[in-house]
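Participant: Each chain, written out:
2 protein chains.
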Amino acid sequence: MATRSYAIIGTGAVGGFYGAKLQKAGLEVHFLLNRDYEFVRTQGLKIDSLEGNFTLPQVQAYNDVHQMPPCDVVIVALKTTHNYLLPQLLPPIVKPDGVVLLLQNGLNVEPQIAEIVGEKRVMGGLCFICSNKVGPGHIQHIDYSAVHLGEYQAQYQPGGISERMQEIGRDFQQANIPVELTEDLMLSRWKKLVWNIPYNGLSVVLDARTDEIMANPETRLLAEELMGEVVAIASSYNRHLPKNYIELMLDHTDKMKPYLTSMKLDYDAHRPLELEAIVGNPLQAAIAQGVDVPKITMLYQQLKFLDARNQTILR
Amino acid sequence: MATRSYAIIGTGAVGGFYGAKLQKAGLEVHFLLNRDYEFVRTQGLKIDSLEGNFTLPQVQAYNDVHQMPPCDVVIVALKTTHNYLLPQLLPPIVKPDGVVLLLQNGLNVEPQIAEIVGEKRVMGGLCFICSNKVGPGHIQHIDYSAVHLGEYQAQYQPGGISERMQEIGRDFQQANIPVELTEDLMLSRWKKLVWNIPYNGLSVVLDARTDEIMANPETRLLAEELMGEVVAIASSYNRHLPKNYIELMLDHTDKMKPYLTSMKLDYDAHRPLELEAIVGNPLQAAIAQGVDVPKITMLYQQLKFLDARNQTILR
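So the protein sequences, as listed, match chains A and B. To convert, note that position 315 of the first sequence is 315 in the UniProt record's numbering; the numbers rise steadily by one, no gaps. To convert, note that position 5 of the second sequence is 5 in the UniProt record's numbering; the numbers rise steadily by one, no gaps.
Next comes chain A alone, as it looks inside the complex (with noise of 0.2 Å):
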């Protein structure tokens, strides 16, 4: 059996994390960088883990796509804000045959992925990882790892199990990454976004941790009205989760940590939101399907403004 060469587009917290597993477990990744490209190219990876730490003294590091070998897996793990630069940055690296792995949240990024390289060559990707970058090339793993994996083909229609999914997956296994392989990507994202649109954007406009939203029984409820908005649009494109699902998001956010979302802590940092992949592009699903949905409406126009303001005002 061929090995497959990877590509990470993104070397953060997420892609950092994966691409330095994947290389500790033999396999040929190439990394591309910007603001770390110096030190990664002279220091290399250092990954913090309760499942072990290790570092990888080196790694194959670049700042010009075109430096870069054609991959087999080109996986892209930006923050989808930065999504502008990937026509520049996918067609030099994504063999004929190769594929375009996104990990990245949200709906309707793969369209725009199969733009550029053709829908072909585009694989979905959901991360259930909770990881930070600390440092120029250190990432700290805090908990979980798995990757949910499924094919993309146009207007998400389901994309069955395919023969480079199961080989992806094994590579992934072989780098102790738990896999979940699903034939329909649309409703692995839809899932996603039950808990993502409600936590992520409640976070930011209430400047609260998941704890204090499910303490308070207003937020409580609120959220699980966003999430029952979020099931309505998921149903009028014939995706149906399964009727306790809402409960079972509440009850395992309950049991979680504090935890402050991807987005409050983009926030924070008054780096830009991914509020277009997250709350934008599901409400425009809804919009295109004649779906009411006025709560995420309302979160969504809070958020922008204050997207907007975080962008401009440094306070």
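There could be a bad hint or two in this list.
Intra- or inter-copy, both count: the list cannot distinguish identical chains.
Said to hold, decoys possible - Pairs of lysine to aspartate or glutamate residues, derived as EDC-like cross-links and limited to a Cα-Cα distance of at most 20 Å, are as follows: (1) Lys304 to Glu218; (2) Lys304 to Asp207; (3) Lys304 to Asp211.
Since the hints were derived computationally from the structure, they do not count as laboratory data.
With the hints as your guide, set chain B onto chain A.
Facilitator: For chain B alone, kept in the frame of chain A given last:
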């Protein structure tokens, strides 16, 4: 014509201003005070106003309603969050044929007063005034001062223009306070809520002035949509606002100077919000009529969260 005696319950930015104006015009006024009692008893009241500064070195100040004479008109100008005191405060000081004039924001406060003093002794008033208490017995009057008066009848049935309204109106005019008499108190309350709900609510949730809310197209639209929900509740009570009323309110707000709402000032000072009178009671009124108001509901949920936290965490 007999002259009327006035009692002022809540000698702050609103009650202190109107009470002082009435006394200056020669009327008999009795002021109930709490924290500022000693100061005002010995030093009187001081009004800084663009219509002319004045001081009242001597006022009739009390810190106990049992020392006060029963009055013809008892003006309630407390924050609604202190209305739980009224069952103790009102009975001793309202003459048998006197009236309680409620100068507070919001909806469905009059029925609570009616329970204490009886339906026939309740009148409502809406104040269009910008004023602040800047120190003990010291009120700064910034802009406007008009009062709209309306008789209260059970379930806000329109009360028409009564003799006593006209008399009180003449007292106010004698004190240079512009007065309008309204036949339908509930209509006036809904009109004011069209402005108060969106701007008071959003100014707290988004930590924003009115001009910031209006400058962003998303939150401008959100304010307009919230106004639409208020208009819909009013309609369900057969109070039909003029077709261009929302447009008028938006235009009016565009032209206002940057403004922090009273709810935002309360929030920043860690005082309890007038949340039930301004948002909660209108929301209950919608639920009672089966009117769906998802955005007001969400605003209420968010404000309940923020108000509760604001009372427990000073930061």
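Participant: Within, between, both or neither: how does the pair Lys304, Asp211 come out at a Cα-Cα threshold of 20 Å?
Facilitator: between (24 Å within a copy, 16 Å between copies)
Participant: Between copies, within a copy, both or neither: which fits Lys304 and Glu218 at Cα up to 20 Å?
Facilitator: between (23 Å within a copy, 7 Å between copies)
Participant: Within a copy, between copies, both or neither: where do Lys304 and Asp207 come within 20 Å Cα-Cα?
Facilitator: both (15 Å within a copy, 14 Å between copies)
Hint compliance for this structure: every hint is met.
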